[in-house]
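37 is the number of the first residue of the sequence shown in our numbering; add one for each residue after it.
There may be inaccurate statements among the hints.
To be verified - With a cut-off of at most 25 angstroms between alpha-carbon atoms, the simulated PhoX-like pairs for lysine-lysine come out as follows:
#, residue 1, residue 2
1, K191, K216
2, K86, K72
3, K97, K125
4, K84, K191
5, K86, K216
6, K191, K86
7, K174, K204
8, K127, K84
9, K112, K72
10, K127, K72
11, K174, K84
12, K222, K97
13, K112, K159
14, K86, K97
15, K125, K84
16, K86, K174
17, K112, K97
18, K191, K204
Stated by the list, open to error - Label pairs and their in silico Cβ distance ranges:
#, residue 1, residue 2, range
19, K108, T190, 19 to 27 angstroms
20, K72, R177, 42 to 50 angstroms
21, K112, K183, 44 to 52 angstroms
22, K102, G48, 48 to 56 angstroms
If you're looking for bench data, these hints aren't it; they were derived computationally from the structure.
Where a beta carbon is used, it is the ideal one built from N, C-alpha and C, also for glycine.
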Amino acid sequence: MSRPEMVRIFPGHDWFFKYKFEEPYLMYRQWRECTKAVIAGRMPTPRKHKAITAEYLSYAKRQLAKDPEIGKQYNKNHGIIAMREGFLKEKGVRGSDIIPDVVLVPIATLGCGKTTIAIALTKLFGWGHEQNDNIQGKSNRPARFVKALADSLTKHNVVIADRNNHQKRERTQLIADLDKVIPDAKVRCVALGARPSKVQHNPQDPARSRAQPWATITRPSRQGQSQRRRLSASWTASCTDSSLRIHRGRRDENFDLIIDLDTAGLVPRESGDGHSQAA
37 MSRPEMVRIF PGHDWFFKYK FEEPYLMYRQ WRECTKAVIA GRMPTPRKHK
87 AITAEYLSYA KRQLAKDPEI GKQYNKNHGI IAMREGFLKE KGVRGSDIIP
137 DVVLVPIATL GCGKTTIAIA LTKLFGWGHE QNDNIQGKSN RPARFVKALA
187 DSLTKHNVVI ADRNNHQKRE RTQLIADLDK VIPDAKVRCV ALGARPSKVQ
237 HNPQDPARSR AQPWATITRP SRQGQSQRRR LSASWTASCT DSSLRIHRGR
287 RDENFDLIID LDTAGLVPRE SGDGHSQAA
């Protein structure tokens with residue numbers, strides 16, 4: 037998660053560009069603004085990295101109390117790096133050590149290619165992948181799904197939370213439960229939004245062809261037929277749910293990043309041998 041910050045090109049000379057990673061630099065900027073708030077006698081209000089920022093501010097307040105001149109120079113943008121480096125040295129870590137793990141949260145309908153993308157990413161990068169379909173039983177499923185994500189984060193720095201998450205309450209619950217089981221500032225949630233306008237296929241086709249891989253669907257029993265009817269009804273409801281669209285404002289503000297996906301071409305189809313494959 038990075039962005040090109042500056043490009044300098046001079047005719048007849050070598051050129052270079054500066055590339056800044058969002059973290060830990062966004063955290064450093066928050067520390068700077070919070071420190072200036074303390075110097076001005078205001079209450080700092082960090083949005084992210086709250087636990088480590090509280091530790092940093094405790095250190096900064098001690099340094100400011102030792103020498104008032106530090107605060108004066110800090111307001112002139114002198115000594116900002118020295119303050120930050122002093123805290124990291126006292127704590128015995130580097131800034132990069134504080135960068136949190138990542139949970140990728142798909143927001144999409146049934147059968148639009150979520151798991152296809154997830155499996156590809158795990159093969160490419162060795163990330164973790166937890167499927168809600170694999171959580172057995174009806175009791176406390178959301179909490180048990182989050183526990184599976186937390187367990188996977190002990191082995192991977194990126195984990196995919198593979199379920200629809202198309203309802204706002206599901207997204208709120210997922211992030212709230214992650215905050216409960218994982219210490220503050222240790223995980224970032226990134227939304228992967230499949231745009232509804234791109235989901236135009238009939239989900240009953242992938243449901244029939246992929247019935248075997250889905251842990252919660254069986255075939256060709258009566259139970260499987262009933263489950264597929266519920267699946268079709270669930271898909272219809274998810275496509276018409278207004279909260280499927282990600283809101284970059286107040287409604288989905290708890291996501292650290294939102295990425296729009298176009299899953300066209302990833303819809304499974306049934307091959308001649310009865311197995312499903314990506315279109």
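Hints and how they fare:
1. A distance of roughly 19 angstroms separates the Cα atoms of K191 and K216; the hinted pair therefore holds under the 25 angstroms criterion.
2. Proposed proximity of K86 and K72 is supported: the alpha carbons are some 16 angstroms apart, at most 25 angstroms.
3. This hinted pair checks out: K97 and K125 have alpha carbons roughly 16 angstroms apart, not beyond 25 angstroms.
4. Restraint check: the Cα-Cα separation between K84 and K191 comes to about 23 angstroms, which is no more than 25 angstroms; the hinted pair holds.
5. Distance hint between K86 and K216 is fulfilled; the C-alpha atoms sit about 14 angstroms from each other, no more than 25 angstroms.
6. Our distance criterion of 25 angstroms between C-alpha atoms is met by K191 and K86, whose separation comes to about 24 angstroms.
7. Our distance criterion of 25 angstroms between C-alpha atoms is met by K174 and K204, whose separation comes to about 21 angstroms.
8. Restraint check for K127 and K84: satisfied, since their Cα atoms lie roughly 19 angstroms apart, inside the 25 angstroms limit.
9. Proposed proximity of K112 and K72 is supported: the alpha carbons are some 10 angstroms apart, at most 25 angstroms.
10. The suggested pairing of K127 with K72 holds, with an alpha-carbon distance near 21 angstroms, which does not exceed 25 angstroms.
11. Distance check on the hinted pair: K174 and K84 sit about 34 angstroms apart at the alpha-carbon level, beyond 25 angstroms; violated.
12. Between K222 and K97 the alpha-carbon distance is near 24 angstroms, which keeps this suggested pair within the 25 angstroms criterion.
13. A C-alpha spacing of about 49 angstroms is found between K112 and K159, which places the hinted pair above 25 angstroms, so the restraint is violated.
14. This hinted pair checks out: K86 and K97 have alpha carbons roughly 16 angstroms apart, not beyond 25 angstroms.
15. The straight-line distance between the Cα atoms of K125 and K84 is roughly 22 angstroms, inside the 25 angstroms bound, and the hint therefore holds.
16. For the proposed pair K86 and K174, the alpha carbon gap of about 34 angstroms is over 25 angstroms, so the pair is violated.
17. Restraint check for K112 and K97: satisfied, since their Cα atoms lie roughly 17 angstroms apart, inside the 25 angstroms limit.
18. Of the supplied pair hints, the one linking K191 and K204 is violated, its CA atoms being roughly 28 angstroms apart against a limit of 25 angstroms.
19. Checked against the given bound of 19 to 27 angstroms, the beta carbons of K108 and T190, roughly 45 angstroms apart, lie outside it.
20. Take K72 and R177: their Cβ atoms lie about 45 angstroms apart, and the range 42 to 50 angstroms holds.
21. Distance hint check for K112 and K183: the Cβ-Cβ separation is about 49 angstroms, which falls inside the suggested range of 44 to 52 angstroms.
22. At roughly 51 angstroms, the beta carbons of K102 and G48 sit within the given window of 48 to 56 angstroms.
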